[in-house]
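Chemist: Sequence:
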Amino acid sequence: MCGIVGYIGSREAYPIIIKGLKRLEYRGYDSAGIALYDDGTIKLSKTKGKVEDLESKVQNEISTQGTLGIGHTRWATHGVPNDTNSHPHYSNSGDLVIIHNGIIENYESLKNELEKRGYSFKSDTDTEVLINLIEEIKKNSKVKLGKAVQIALNQVVGAYAIAVFDKNKPNEIVVARLGSPLAIGIGEDEYFIASDATPFIEYTNNAIYLEDEEMAVVRRHKKIKIRKIKDDSLVSPYIQELQLNLEQIEKGGFDHFMLKEIYEQPHAIRDTYRGRLLSDQAIIKMAGVEDNMKTFLNANRIIIVACGTSWHAGLVAEYIFENLVRIPVEVEYASEFRYRNPVINNNDVVIAISQSGETADTLAAIKLAKASGAFVFGVCNVVGSSIARETDAGAYTHAGPEIGVASTKAFTTQITVLTLIALRLARAKGTLTSSDYRKHLIELEMIPEKVEHTLSSDTLVKSIADIYKSAQNFLYLGRNYNFPVALEGALKLKEISYIHAEGYPAAEMKHGPIALIDENMPIVVIATKKGHYEKVVSNIEEIKARKGKIIGIVTEGDTSVKNLADHVIEVPETLECLVPLLTTIPLQLLSYHIAVMLDKNVDQPRNLAKSCLLYTSPSPRD
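Quick note: the working numbering has the sequence shown finishing at residue 622, numbered continuously throughout.
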């Protein structure tokens, strides 16, 4: 992903763009650049590194005047991160300048053709090919910039969000999207362009979100015109009211967004079930489920598609759905599902999970499933996102903005939503008794308080992190519901500390991983009392015999593991299907503290980026 920011209006563009780029660095931080229009010229500065590096460079290279500009923070795809490959990119004439998020798949053939026509290229990027294609079309076809962009985009294959302007017509910016999010903030005779709403939230609460294959010409003193790229048809702009405030996207006294978001989980879980979970009435209200109850209950199977942390949430859901609802569940990596030629039937239900609602592989999996006749249900955090629009029905988590690249509260809120769905279906199907159903509702309602209690172990976790911060490898073990938690714990450590870690079912330890265990190997064992506890204790005995260092995640009051483990971290007791909501918390904290102690960039781990976090007014979707 990359971050795009643009401004046209009466204010100075530079401070708005720089602040916006800092808020979008979660989308990419390999390099950054800015182009400003001032007094007939384009002033451009770009550099490898972060936005703060760009700020330093700008001071020595260009003036920062001008009321029109575009900026970019990059996550490299085509071309290594360096100054030359950084955006923005000029056309050969120097008249046009572009920023781009996405990949142009047929750039090589386009580049070869342009080279035959005398164009030269300074960078290795597909983006420089696109801007020169636009220039070639504009010059030869003698059309305006907007039309040239449209014709060019009909010739490219791939995904994009772009912003382009022409120094000879500095009263407009042309923008377009396909597969990458793009928002236009609408102020008083001023417009803001960004990958999400965070760069302009303090200036306006009104925004237009371009749909796929739409473009817009943004002009001062004029209303926005939106057209379909393929057929040039006009689209009526739909202005949405943002439900986002500055407090949500600031650190709020925490050292890192990740830590803030870990501590927000009690509130986020409560917000996710608020209005849906009515334990006193023994009711779960979810419109997306109620309206499609027959489809769910008559499904031959449920297929869950997701990536990364969302995939781990899907694995937890597999246990929950099969145990409570007794419907077969398959959990698929979206990236593999879309290419595997899977067998999909019209009586399958596909649940697509994504924090951002913009994950490209998951979107592609959705389109494949729909084309095969399956009913597709979306679970995402971002109102109005692509996944929310593409699915047949769905349910939003209410985690709020998640800016830390390593996902935390998205995981627990996804599990919360999926648990609510499973409980409602189990009650409708009759696979859960009335008393057990009520018990589950009451226990789920108590989870935020128990998460809060679990967070009080932070000091203990920090002391454990200090002991093992220099370890080269970690092993995470869990059984049943806690196996996906082990995978997620290992992923968190890898993501932000760059320490090699693997998650395994505890019983699989003897089928290979046990060979790695010695006195230098920390092993995190999730050994709560619910579900196969005695077997996990046996696994711990085997680790102990090989001098492994055991960090046990146990139920409060445990004695068996405490007598064996080198360290124990306690979590409150709850129902087995809800245990992942608690056991994941100390693993998040452990990863965080180790990364901080190793002086890693917790919020912006190397080589990783996040999709988006647009927030709009409530929609009819549950």
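Because the hints were derived from the structure by calculation, they are not lab data.
Treat the hints with care, as some may be off.
[What the hints assert, rightly or not] Using 30 Å as the maximum straight-line C-alpha spacing, the simulated DSS-like pairs for lysine-lysine come out as follows:
#1 19 - 48
#2 251 - 230
#3 530 - 429
#4 22 - 48
#5 19 - 139
#6 169 - 294
Chemist: If a hint holds in the structure, say so; if it does not, say that too.
Modeler: Consistency of the hints with the structure:
1. 19 - 48: With Cα atoms ~18 Å apart, residue 19 and residue 48 stay inside 30 Å; holds.
2. 251 - 230: Violated, at about 42 Å.
3. 530 - 429: Given that 30 Å is the threshold and the Cα spacing comes to 25 Å, the pair holds.
4. 22 - 48: holds (15 Å)
5. 19 - 139: violated (35 Å)
6. 169 - 294: violated (57 Å)
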